[in-house]
Amino acid sequence: MAQRLGMEVSVALGEAVKLADADVIAAYPITPQTHIVEHLAELVADGELDAEYIPVESEHSAMSACLGAAASGARTFTASAGQGLELMHEVLYVASSMRLPIVMAVVNRALSAPLSVWGDHSDAMAVRDTGWIQLFTENGQDVVDQVLCAFRIAEDRRVLLPVMIHLDGFHLSHVIEPITLPEQTQVEQFLGTNQYPLPLHPNKPVAMGDFGPPFIYTETKWAQEVNLRKSKEVVLECWQEFGRTFKRHYQPVEGYHSEDARVLLLTMGSFSETAMTAIERMRQNGQEVGLIRLRLWRPFPFSEVRRAVKNAELLIVLDRAISFGGPGGPVCSEIRSALYNQEKRPKIVSFVGGLGGRDITVDGFEQIITRGIEIGQKGSEQEFEIFGVRE
Amino acid sequence: MPNYTIFVPRLLTKRENFAPGHRACIGCGEALAVRLACKAMGQNIIVVNATGCMEIVASQLPYTSWRVPWIHTLFENTAAVASGIEAGLKVMMRKRRMATQEINVVAMAGDGGTADIGIQALSGAMERGHDFLYLCFDNEAYMNTGIQRSSATPFGASTTTSPAGKVSIGQFSWKKDMPAIAAAHNIPYVATACPSYPFDLIEKVKKGLKVKGPAYVHILSVCPTGWRCATELTIKIGRLAVETGIFPLYEVENGRYKMSLKPDKLRPVNEYMKLQRRFRHLSEKTIKQIGQRVGEEYGKLLEKAA
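Here the protein sequences come in this chain order: A and B.
Under the working numbering, the residue at position 24 of the first sequence is numbered 24, and the numbers go up by one with no gaps.
Adding 391 to a residue's 1-based position in the second sequence gives its number in the working numbering.
Bound-form chain A, shown alone:
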């Protein structure tokens, strides 16, 4: 029987990669991702995980080595954060365009300057359009479960796309939580082995990564888009199967007291758990508030988002990144555009907060919701408000 044990989330993530029996891990250390790759290096050094650990000289090379490993048919994993994710930026597009099923944990971190090793979603938002399937996680168990799902989704023949699992730097990666690690045999059954259809091999030569002149480039991009959109079915199917096997259930958009709420708050990642406590407290005081948590970021769950907010009058979106000189938070922009053409839609208020590791407490979330209601009634001159800033 699988045991529930207290362990650091980064270590648990490494254990999940071991359970998935990854073949190649190529990684470059960056705070706050280090505990993940250190633990994996230990597992390989002790012979507990039979894998090739490539200690590359940069994140650009980490993702590049992953391209090679995945193209040879190996089950491939890496992890990065912040500046590291930015350095591998151009390689991310290649991974998805060449249909290479790589799994990467992104331990969300702010971007320089000033240098900050602490968490926010700036790194995640900068890689929004790279064509990866992207999931946000809320707690340690969620992280472990999504790592296992990620390999299954990525390697599914109907998908063959890389998957990014986002977890908040420090706030999630470095905390110790009670986590159940599934049994090895169950995981083996759930995942199967990686059967990449056209690996690089002399027995059947393939040419991968030709260049595409204008007469064919558009078609390749459209094929990629259709494929990424369709992957949602496989994601949902995977979560259903995961629920049946492991009795833990996941949805693209998850609500908390959201059905009857007139005012909804939308969050992503581990801050959702603090927000839940705030919602609970406000409801006890008679306020009709609820929470929506966006788990599946790409492909974007349009229908689920529309359904989740259909009864609300006001939707407050909290972003942990700024689109400089733009409409506010990037998540809020997407929510707005997803709802704009709906006949019945809530008013939308954009907040940015929790940048560079600054915490938002339960009181903080109450303040955001209260101020959001005020803006909803009176309007605001600003496109968005930044929470808790000293001017």
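It is possible that part of the hints are untrue.
[Claimed, not checked] Which chain B residues face chain A? A few, computed with CB under 7 Å, are given here:
no. : residue
1   : Gln434
2   : Ile437
3   : Val459
4   : Thr464
5   : Ser474
6   : Gly475
7   : Ala478
8   : Gly479
9   : Val482
10  : Met483
11  : Ile494
12  : Gly604
[Stated by the list, open to error] Listed below are the simulated DSSO-like cross-link pairs for lysine-lysine, each with C-alpha atoms no more than 27 Å apart in a straight line:
no. : chain 1 : residue 1 : chain 2 : residue 2
13  : A       : Lys18     : B       : Lys481
14  : A       : Lys204    : B       : Lys627
15  : B       : Lys601    : B       : Lys679
16  : B       : Lys601    : A       : Lys204
17  : B       : Lys601    : B       : Lys481
18  : A       : Lys18     : B       : Lys486
19  : B       : Lys481    : A       : Lys204
20  : B       : Lys597    : A       : Lys204
21  : A       : Lys221    : A       : Lys232
22  : B       : Lys649    : B       : Lys627
23  : B       : Lys405    : B       : Lys598
24  : A       : Lys204    : B       : Lys486
25  : B       : Lys603    : A       : Lys204
26  : B       : Lys405    : A       : Lys204
27  : A       : Lys230    : A       : Lys310
Keep in mind the hints are simulated off the structure, nothing from the lab.
Note that the structure is predicted; figures quoted are calculated from it, not measured.
A virtual CB, placed ideally from N, CA and C, is assigned to each residue, including glycine.
Please build the complex by placing chain B on the supplied structure of chain A, with the hints as guidance.
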């Protein structure tokens, strides 16, 4: 010198793994070098190609000239991609996820992809000791984008980003010594080659493939388009590069230098330079200065190989 024309058909495979029909320029020394290297390597290889001339001329969707498994991803990451493939094959054979057989991983890049933008990935892959062969096809500038200077462009050459002008001599720096940088990684095999010496090139590629660990072969590839020379002079200019001492042929096996060809007397550098319009603006004084430097460098190499 044996009369090779009698033996060539027996010495070389007729199979072209780098097939004809690609779009390389007339007289391209690099396409010739790739063709010869492919003849040397056989079919149990996986080629990792950097962005550059050879990738562009031979891989336009939906066509390819490659009759062996081939992958191109980006410009600067060729050695890193090769690392990943080598590691993937190794672990999958160990875990019995694929049949055990000898498969050689070969990375190919131009001088820009090697000496400039790709040097970090290459250094990392050599330092980690992956079992792979790296071929640098050096045509001494970014030819694919239109003859821009790289760190491998020779001193004085006029390129589109180091143009000779009223106050400019052309390329202002001396060619980066990439084989020496590779050798400094203490890898088992480093060599220089040129398709003007086809059997020497083939032998070196074979040796590089055979050694366990990283091997690096630096191949001078005459580029009539960029060097602004006659297209029928490719072979001759390659020979002159070697005979003038500008591009000596040598090997470094486990740290030991060995000259592959030691002319009794070096030809004057001008014999090589006067055939190329990229050098035509240079004064006699500058050419003499270049000749002196070439002589010094050649002397140092002979000392290492002594």
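Hint-by-hint comparison with the structure:
{"no.": "1", "hint": "Gln434", "verdict": "6 Å, holds"}
{"no.": "2", "hint": "Ile437", "verdict": "5 Å, holds"}
{"no.": "3", "hint": "Val459", "verdict": "5 Å, holds"}
{"no.": "4", "hint": "Thr464", "verdict": "5 Å, holds"}
{"no.": "5", "hint": "Ser474", "verdict": "5 Å, holds"}
{"no.": "6", "hint": "Gly475", "verdict": "3 Å, holds"}
{"no.": "7", "hint": "Ala478", "verdict": "4 Å, holds"}
{"no.": "8", "hint": "Gly479", "verdict": "3 Å, holds"}
{"no.": "9", "hint": "Val482", "verdict": "4 Å, holds"}
{"no.": "10", "hint": "Met483", "verdict": "6 Å, holds"}
{"no.": "11", "hint": "Ile494", "verdict": "6 Å, holds"}
{"no.": "12", "hint": "Gly604", "verdict": "15 Å, violated"}
{"no.": "13", "hint": "A:Lys18 <-> B:Lys481", "verdict": "18 Å, holds"}
{"no.": "14", "hint": "A:Lys204 <-> B:Lys627", "verdict": "39 Å, violated"}
{"no.": "15", "hint": "B:Lys601 <-> B:Lys679", "verdict": "41 Å, violated"}
{"no.": "16", "hint": "B:Lys601 <-> A:Lys204", "verdict": "23 Å, holds"}
{"no.": "17", "hint": "B:Lys601 <-> B:Lys481", "verdict": "16 Å, holds"}
{"no.": "18", "hint": "A:Lys18 <-> B:Lys486", "verdict": "14 Å, holds"}
{"no.": "19", "hint": "B:Lys481 <-> A:Lys204", "verdict": "18 Å, holds"}
{"no.": "20", "hint": "B:Lys597 <-> A:Lys204", "verdict": "23 Å, holds"}
{"no.": "21", "hint": "A:Lys221 <-> A:Lys232", "verdict": "18 Å, holds"}
{"no.": "22", "hint": "B:Lys649 <-> B:Lys627", "verdict": "24 Å, holds"}
{"no.": "23", "hint": "B:Lys405 <-> B:Lys598", "verdict": "20 Å, holds"}
{"no.": "24", "hint": "A:Lys204 <-> B:Lys486", "verdict": "21 Å, holds"}
{"no.": "25", "hint": "B:Lys603 <-> A:Lys204", "verdict": "25 Å, holds"}
{"no.": "26", "hint": "B:Lys405 <-> A:Lys204", "verdict": "20 Å, holds"}
{"no.": "27", "hint": "A:Lys230 <-> A:Lys310", "verdict": "24 Å, holds"}
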